[in-house]
Every structure is written in structure tokens, then in C-alpha cells.
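Trainee: Given next are the chains, with one letter for each unit.
There are 2 protein chains.
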Amino acid sequence: MISRPRQPTMDQVAEVAGVSRATVSRVINNAASVAPSIREAVQRAITATGYVPNVAARSLVTRRSNSVALVISEPDRPDDHSFLNRIFTDPYFGRVTAGATGALRPHDVHLVVVPTDAADQHQVIRYLRQGHVDGVLLISSNEHDPLPAQVHALGIPAVLSSRPSGPLPVSYVDVDQRAGAALAAAHLLSRGCRELATINGPLDIPAGQERLDGFRSYLGQSSALSIASNALPRHVPAVTGDFTRAGGEAAARALLEAHPAIDGLFVASDLMAEGALRAVQDRGRRVPQDVAVVGFDDSSVALECRPPLTTVRQPVEEMAAEMAELLMAHIDMPGRSPRSVIFQPTLVLRESA
Amino acid sequence: MISRPRQPTMDQVAEVAGVSRATVSRVINNAASVAPSIREAVQRAITATGYVPNVAARSLVTRRSNSVALVISEPDRPDDHSFLNRIFTDPYFGRVTAGATGALRPHDVHLVVVPTDAADQHQVIRYLRQGHVDGVLLISSNEHDPLPAQVHALGIPAVLSSRPSGPLPVSYVDVDQRAGAALAAAHLLSRGCRELATINGPLDIPAGQERLDGFRSYLGQSSALSIASNALPRHVPAVTGDFTRAGGEAAARALLEAHPAIDGLFVASDLMAEGALRAVQDRGRRVPQDVAVVGFDDSSVALECRPPLTTVRQPVEEMAAEMAELLMAHIDMPGRSPRSVIFQPTLVLRESA
DNA sequence: TTGTAGGCGTTATCAG
DNA sequence: CTGATAACGCCTACAA
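Chains as they are written, first to last, in the UniProt record's numbering: chain A, 1 to 353; chain B, 1 to 353.
Because the hints were derived from the structure by calculation, they are not lab data. Since the model is a prediction, treat every value here as computed from it, not as a measurement. Even glycine gets a Cβ: it sits at the ideal position worked out from N, Cα and C. Hints may contain errors.
[Unchecked claim] With beta-carbon atoms standing in for the labels, derived distance ranges:
1) S33/A to N29/B: 39 to 45 Å
2) R126/A to A149/B: 35 to 41 Å
3) P146/B to N30/A: 25 to 31 Å
Kindly generate the complete structure, drawing on both the sequences and the hints.
Mentor: Following this line, the structure appears as C-alpha cells:
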């Protein structure tokens, strides 16, 4: 059996380079003022010995771990197993991860992905308190999720992925949900649809509520259009889905059952829209000729739908990158006051509407 | 601005409890022999002060981080962005994560998910050398991936998710791929299919190669069957897909174009099978009446297919849990000799075949 | 510009 | 059973 050789320490590098430990430390953290010749000698010693700094020792003194957590909180899912499955299946989280890691790389900071459901939450809190990470990117969509408040109470730097439900002095990044829904409504109207309906997300999730509000209130306001053409329905039919494919399918089925004349459908997520497409087509109705469908997210499933989905695009990667930047700023400047950054969504035209 | 109060240290707890630091340490690590009364007093002091051990200090002395990395390596994907998207979209990785975290929890060990493509590999190596983690669960399917060998050279405890391509003395967990493919072949034959074909995975991935081999060689051997009925085709048509939905669809299209009489199809992954289903149905052929389709993985998409997919099930969660247990054993007993654990797949009957 | 020395918060080895 | 005391590997005043 070959036992693993212990990592070389800074002292060994110093000895090889013929300098003191402090000097080695200086060139590693490229502190100013190290004679070029010495610096070079140290570099050589480092590569010669294969030295790599010990993170534990370093962060013990710097009080920095150089990593941040991406906490994905879904308190509602009781079943841990299906919960993780969902997280790793929903393209949204992949985009967030991609955006965040990209922004973090220049800062030389690692991202630790921490999925959590209700049962885990205290574990997560403990994890954060132990100093594993310097800050938290918190993805929490559920309005009643206690985690944002708890994390804030910890005093650890944090950035949320959407407006916190209560008044919490914390930074967040969000998309203008109402504007996105209005974009969808306007497009459906402009292509001539008059029997509109929507499949909204869970109403205890702000995004679910706001997309519904945005859709309805735009239709309520567009009196110009409603005068120019047939009157719009006073009451826009809506059925609630759960942001899953199956949920979207069931919701669409119910909707078409109750309102067979529907010719325009706004679905609050692409995943649900994919299910809705099936339901619509199962009833023998063509998309977009008979029923036009607009999704939300512009996730990768939008392209896999048939027909490809017209959808409201959130710049998720950019948003995640912005979250990361905000977080780094808070970490580097403790006491910096919280701020929010709101992104405007855009409409991506494909074939479904 | 409220500045965050520093975490209480062990000394403070000791002072509150009226004991020495060493004693506090003992109750925390519940070392043997601490007087019950003292232990209780310390516990009280801990909750009173809200003490949480500092992981950096601890792992500096124990040389343990109490976390392991789940490295997901896909050296082929040049585009980082789509790469992460794929990882977080493929249900397989979610299952792995679920299985591993579940097994790790009792050990009080955290899982750090580290996706990596070719460009990142040296970063990953550096990360591992820095001592962030005590060991590595390495998911690497590509035969030419240099990472397994590099990780092994590091001397850090590691467990692979499949047999390494070269002779590497390292533990791994795998499923009997050939047996799984044979299961599929046997089932298709038994339901009366005689014009069999397969959509195989990339041949530079062992799983891709072995599933193809297993399928073909079972058919070659089943002379009993081929005598009892019409002779089987000597050459079983096969087209290579890339383990994506779109790839499966394209492959199926090509297959049906070249061999319109196909009545039984083995697809080497559920994701590809979902695409294949579309292609088959687009040609106006019914599944399973005209063409029976068997997938591989029993991932969550198998249930979302229509019709729901008959598929070969890998017990992915259990396999990941086994990987985690093997890894913990290696971590706790350095020098333990490597071993492999092979799981037998099963056939899950649904409606597609 | 470089070296010396103290301390970061734990665990672990000893005595007592 | 409990308490000193010495590491663990690094950073950082401070001194030279």
C-alpha cells in the first residue's frame, strides 16, 4: 500500500527558496513589494515542491472560505427524493448555477449548491453558521418560506432571487413579472385572439401571483383594443398549476373542458406550457391556429415543445450573475446597504403563438 | 448599521460552563468519560451562548473537512453554459445527488457538487488538492476522460461511477449494462417482435458500447428463439445517438427511413427514447402495436412519455448510496483495497412494449 | 524589502 | 475524569 504523501507546507517551500515563510506568503497573495528575483525563486520552489495552500489554515486566519452557497429552498416538498429530482430536472436551476459560477470565477470563489426542503432548513442554518461559506445566494420562491428571514437574522451576507415577502432589508434580484405577463397578453391580443385564458402558477409564490395579476390587469386596461374589436371577456378564466409539466397538462384539460372556445392561452411557465400543449392537441385543436400558447421562462424545454414555444424570456443567467456580484460586494464591504435590481423580460417569438 | 456579532468561541462556552476548553471539546465530540453533571452544564452553556464550532479551526487540526465532492465530468462539451444546463436537466444527476446525500447524512458529511468540463479540469484538481474535501465521488462516463487517472494520482480517496477504462486500482460502482440490454432484447422477442433495431449511445462511452454489445450478443445467442419462429435478422440495425432527446429523435428517424419494417426498438436511454417515440409516432406508427419501444434508465421522463416507457431500471439512487459508503470506508480506513460493486438491472414494464 | 513572532479556534497528548 | 499545553498551517503587524 502506498500511503499518500502529505502536502508540502509553506515552511518547506520557504526552505527550498531560501527565504522566510512570510515571504512565501507574500508572493502567494501577491502582496506588493517582493523583489523580483526573490519572487521568482519562490515561484520555482512552489512548483518544485508542488505546494498548494491549505484552505483550512488560511480561512482560519482570514475568516474567509472563498466559497458561497447557492441555497435552493423548496419548503413545500415533503419528499426529499422527488424534491432533488425536481431541482435537477428543472432547467431553471441549471441556468442559475451557470450564471452564478460564471460571475464567481473571476473572484476565485467556489459555489456550493445546497438544495433544501422544510426538513433540512435547520441543517442549512447550521451549515451557514459554521462558516463554511462567506455568503448565500438564496433561491426561494415560496412566500411563506421562513428561510430568507432566518438567513437574514444570521447576519451573513445574502442575496435573494426575488422580492422577499415581508419587509426585509436585504438585497435581491428580480424580473418584472407583471411586465412579462403583459407582454404575453399584448401579443395574444395582437395576433387576434379574443377568448383568452391563463394557467397560473401557485398563488403563494409571488411569481405565480404577479404573473396572473399582470396578465389580467393588462387585459383590463386595454380598453382601446376591446373597443376596436369584440369585447373582451370580463372574467379571464384561470386555472392554477404547480409549475410542473403534469400540472400544466391537467390545468389545460380542465380549462378546455370548461371553456371550449378558448383561442389564446398564457401559461406561467414553459414546463407547464409543454403539458398544456399536449392537452390542447389531444383535444384535436391545432397550435397556434386554433389555440395560441405563450409560455414563460424561455427555458430549454421551450425549444423542445412542438411547436416550439413563444415565451417570455427571463434573463436568468444574467440575473444569477448579478446576484453573485451583489453578494461579492456585500462580502467585501460589510455594512453596504441592500439594494434590488429588476430585470425587464422580453418576448421570444416562435411558433406556438 | 448593525455589525454582525462574532461567533462565540469555545473558550467563552468553557467560561460560562465553568470548565476548561478541553472539556467542552469532549462533550461536543461526545468523547467518552465526561461526568453527566458537567456534560449537562456544558450543553446549557452551548445553547446559552449559541455556540457553533468553527469548521476551519477544526479541520485544520483533524485534517478532515467533513465534506466530499461529487464531480460530474463531461470533458466533451466545449460550451460551459449548455453543459451546466444539461447536467441540471438530466434526471440522472438528480438521482445520483439524492442517493449520495441520503447515504452521507448519517456520516454528517456534506456533498459539494462540482460540475466540470475539459476547461475546468485543472481547477478541479486544484480544488481537491487544497483540501476542501475528504474524498471524491466521480461521475465520468467518457472513456477518454483523463480525470479519473488524475484524481487517482492525487492519492485522495475516490470512487468512480463506472468501470475505469484503463487498469486503475480504484473502487467503482456499476450496473451490469450487458445484462440490462439483454433484458430488453428478451422482452422484445417475447412479445413477438422480429424486426429489431437499436439506438445506441456514444460508443466512446463504455455504457454506450456495452448496451449495444449486450443487445446484439443476446440476439445472437438466442438461437432457440430464432429457430422456433422466423429467423432473426443477422445484422441488427443500429444508429448512434448522443443521449439527448433530440439525438434520439434524429436517430429514430434515420432508422425508420432505412428500415421501415422495424417492429421492436431498444433505445439506450430514456431521454433518447422519448425522442424516438416522437419520430415513430410522426411516421404514423403506433406504439407499442406497430413498434414496441424499450428504454434504459427508468428516469422520470419514462413516466412522462406517451405511452409510458417500458425500460431497464438502474437503481441509481442505491448505486450512488453505495458509492458514498465505499468512499466513507476509504476515508476512514486509508489503505483499504479498492473494490467494485455491480448492480443488476431490472425491467420495468409499462405501456410502450 | 524581508524576517520574527503572535494568534486564528480546535483537537489531542499528556499529566494530575 | 479534567486541565494545561502543544500543535495544525497560515497571515500580518511590527521590527529590522
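Trainee: Hints first: check each against the structure and report whether it holds.
Mentor: Here is what the structure says about each hint:
The hinted window of 39 to 45 Å between S33/A and N29/B holds, with their beta carbons roughly 43 Å apart. Restraint check, R126/A to A149/B: a C-beta distance of roughly 37 Å satisfies the suggested window 35 to 41 Å. At about 30 Å, the beta-carbon gap between P146/B and N30/A stays in the expected band of 25 to 31 Å.
In summary, the structure agrees with every hint in the numbered list given earlier.
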